[in-house]
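A.B. asks: The residues making up each chain are set out below.
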Amino acid sequence: MMQIRQLTRSFATATTTTTSNIPIKSSLILSRTPIVTQDISEFEKLFYNYQEELERRLMWTFPKWFYFKKGTVAEREFSEAQNYPIPNARGVWFPQGNPDLKHGRDRRFKQEVILPKKHIESDNNNKEEDSDNDFDNVGRPIRANSRITKFDKENDQTSLERKLPRTLYLLVNQNGNWKFPSFNVLSENENSGLHKIAEDGLRIIGGDKINTWSVSNSPAAVIKYDSNNKIIHNTDNNDQLITREFLIKSHIIAGKFDLQKSNNSVSDFKWLVKEEIKDLVDISYYSKIDHLLSDI
Amino acid sequence: MFQQSVRQFSSSAVAQKVGCAQVKPVHHKVRIIKKFLSPKYPELKYEPHDIRSPKYKPYLTTPDRVQDHYFNTLQSDLLLINYRHGQQPIYGNKRRQWDMTSPYHLNRPLRKPKGQIVPSPTIKPRTYENVPRLEGVTLNCFVKDAKLYPAQAISAALQLQQITGCKPKAIFAKTNVPNWKLRPGMKMGAKITLHGRDASQFISTLTEIVLPRTRDFYGISNRSGDRYGNIAFGLTAEEVKLFPEIENNQDSWPQNFGFDITLHTSAQTDADARILLSGLGFPFTGSERIPKTLLNDLVSEEEEISTTQQ
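If you read the protein sequences in the order shown, they are chains A and B.
Be aware that the first sequence starts at 1, since it is given in the numbering used here, and climbs by one per residue.
Be aware that the second sequence starts at 1001, since it is given in the numbering used here, and climbs by one per residue.
Chain A on its own, in the form it takes in the complex (with noise of 0.2 Å):
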């Protein structure tokens, strides 16, 4: 316990030495954080298509009054769009019960208010490429992209524009392992923190063109080795062979990582999700790594 706690607050304070012999290495959890919306179940979709259509069933009636003013155009259009239910009349029987009608809207059902659709999306069909294509019209219709990427469908795991409602993690296959980045505190630069240098050596094996942030320098995890390069389990190990890896998040911001090839210990890289990263990597480090990943 007291060889760690040592280790520690030389790190942090960078005062003492005491480190020269102790193998330490810097790793770098890399992360791209979700671009779109978490996939949501089929369960979940009913279940807030349930909501949303109770909630506007109980809602108060759209105020049309106060949107469209009288006599203008645009409440003409609004007023051509909306569906009206049938009104009750008197000696009619209704199968699925009178209608009650306030305002245009049958308050026993969810509300519908239609939108009128804008000119420009009415244009013919074979107009509706050519606007999507003109930059310089500022009316041109919103279209979204694609949830699914070109990069999902041929599975390009080099590629960062792939599971988009995911978060991915970086993960390189230095010296026959697939790991996080891991780099070798050095004694010349044992003094300028875990973090600098976790981010340095991912500049060295990925390339300047990255732009990361690092969440904090405090390391979010340690993992140690034994002399054989084996995950130790039992903390109380006092081994003085032991070698301690430091895990520091960080998250890219903008660029690339575009692997080195002056760099001979990394050969390969990957921005995986979680589950991929189970199937990916050695049980022992994924016990181990297991509970910093997210699971969305």
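By construction, these hints were calculated from the structure, which means they are not laboratory data.
All values derive from a computational prediction rather than experimental measurement.
Heads up, some of the hints might be wrong.
[Unchecked claim] In the BS3-like style, the derived pairs of lysine-lysine whose C-alpha atoms are separated by at most 27 Å in a straight line are:
id, chain 1, residue 1, chain 2, residue 2
1, B, Lys1169, B, Lys1187
2, A, Lys45, B, Lys1057
3, B, Lys1241, A, Lys70
4, A, Lys274, A, Lys256
5, A, Lys64, B, Lys1057
6, A, Lys110, B, Lys1144
7, A, Lys261, A, Lys196
8, A, Lys110, B, Lys1167
9, B, Lys1167, B, Lys1057
10, A, Lys278, A, Lys288
11, B, Lys1241, A, Lys69
12, B, Lys1167, A, Lys102
13, B, Lys1144, B, Lys1174
14, B, Lys1055, A, Lys110
15, A, Lys102, B, Lys1057
16, B, Lys1057, A, Lys110
17, A, Lys64, B, Lys1144
18, A, Lys117, B, Lys1174
19, A, Lys102, A, Lys69
20, B, Lys1167, A, Lys70
21, A, Lys102, B, Lys1055
22, B, Lys1055, A, Lys45
Given the structure of chain A, go ahead and fit chain B onto it with the hints provided.
C.D. replies: Quick look at chain B alone, frame taken from chain A:
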């Protein structure tokens, strides 16, 4: 155990005393809610979150992407950012004991804290249990002209309702200022406190549509805050026009009203609250002043060495 009071000669009167009258009608000490006694409107007895209650309002109508972002990314990051090794609680200024020099100190309420009236909270070490989160957003719209033109208070309430989609409450003047012709009880505007999805919807509109387009907005001032994790700033009438709900229906809004926004967080200090809010997309500007007392929360080196050697 029953103890006889010094000032009473008889002990039996106290011992036999009942909490409420025994003779009908019994005046209960516990307040009775009449709707629970009457069989007339059984649906009024349900809780408002019960779907059978007439007060029921469905609110889980869409997924909440601000909350998703918080739980997936922000929460674990905040824990790492705020965590410092060897943090210790900073004890707040609490109410003091009387020194018992006078017999009247017995059973007297505690003495005021030193140098202040309200006790200040203890700042606890940051753990996984107290990661800051956004608790709510209050919009407060006080219209100065409402004392001359009372209709403007109604119009301000309508504007808040248009922006947030929730029903605001009217606010009234509390003080009498004869020079300003202000008297207590005048309706002066509206306020609303948003929670959950409404708050998420409001802050995403604010950070993604309104604030990026406001002129000369460089960020919320770093000097803002109430010391205990609530950050406030204001929007002028010009900036309010940029809300899409107002902007797309400008003809209906001949006049707009600026309002104050308070972001309530569960952070213990303003600095922690700012880290959370910048993660939610609010920019901050200006020099930050952290009180010296908040910086002395680490164990000193000598102390730490002595504890490790023991």
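A.B. asks: All hints are to be evaluated individually against the structure, with a verdict given for each.
C.D. replies: So, going through the hints one by one against the coordinates:
With a C-alpha separation of about 11 Å, the suggested pairing of B:Lys1169 with B:Lys1187 holds against the 27 Å cut-off. Proposed proximity of A:Lys45 and B:Lys1057 is supported: the alpha carbons are some 19 Å apart, at most 27 Å. For the suggested pair B:Lys1241 and A:Lys70, the alpha carbons sit about 24 Å apart, so the restraint of at most 27 Å is met. Between A:Lys274 and A:Lys256, the direct Cα distance comes to roughly 20 Å. Compliance with the 27 Å bound is thereby established for this hinted pair.
With a C-alpha separation of about 23 Å, the suggested pairing of A:Lys64 with B:Lys1057 holds against the 27 Å cut-off. Annotation: proposed proximity of A:Lys110 to B:Lys1144 is violated, straight-line Cα distance about 40 Å (limit 27 Å). Restraint check for A:Lys261 and A:Lys196: satisfied, since their Cα atoms lie roughly 23 Å apart, inside the 27 Å limit. Simply put, A:Lys110 and B:Lys1167 have alpha-carbon atoms about 21 Å apart, close enough for the 27 Å limit, and the pair holds.
Proximity of B:Lys1167 to B:Lys1057 is assessed by CA-CA distance (about 13 Å); at most 27 Å being required, the pair is judged to hold. Restraint check for A:Lys278 and A:Lys288: the C-alpha separation of about 11 Å stays at or below 27 Å, so the hint holds. Distance restraint check for B:Lys1241 and A:Lys69: the Cα-Cα separation of roughly 20 Å lies within the 27 Å cut-off, and the hinted pair is therefore satisfied. For a cut-off of 27 Å, the pair hint linking B:Lys1167 to A:Lys102 stands: about 22 Å separates their Cα positions.
Restraint check: the Cα-Cα separation between B:Lys1144 and B:Lys1174 comes to about 13 Å, which is no more than 27 Å; the hinted pair holds. Of the supplied pair hints, the one linking B:Lys1055 and A:Lys110 holds, its CA atoms being roughly 17 Å apart against a limit of 27 Å. Only pairs whose Cα atoms come within 27 Å are accepted, and A:Lys102 paired with B:Lys1057 is accepted, the gap being roughly 21 Å. Taking the CA atoms of B:Lys1057 and A:Lys110, the gap is about 14 Å. The hint holds against a cut of 27 Å.
Simply put, A:Lys64 and B:Lys1144 have alpha-carbon atoms about 31 Å apart, too far for the 27 Å limit, and the pair is violated. A distance of roughly 49 Å separates the Cα atoms of A:Lys117 and B:Lys1174; the hinted pair therefore is violated under the 27 Å criterion. Note on A:Lys102 and A:Lys69: the hinted pairing holds, with a Cα-Cα distance of about 19 Å set against a maximum of 27 Å. The straight-line distance between the Cα atoms of B:Lys1167 and A:Lys70 is roughly 26 Å, inside the 27 Å bound, and the hint therefore holds.
For the given pair, A:Lys102 sits about 21 Å from B:Lys1055 by alpha-carbon distance, which is consistent with the 27 Å threshold. For the hint pairing B:Lys1055 with A:Lys45, the CA-to-CA distance comes to about 25 Å; that is within 27 Å, so the pair holds.
Violated hints, in rising order: 6, 17 and 18; the structure is consistent with all others.
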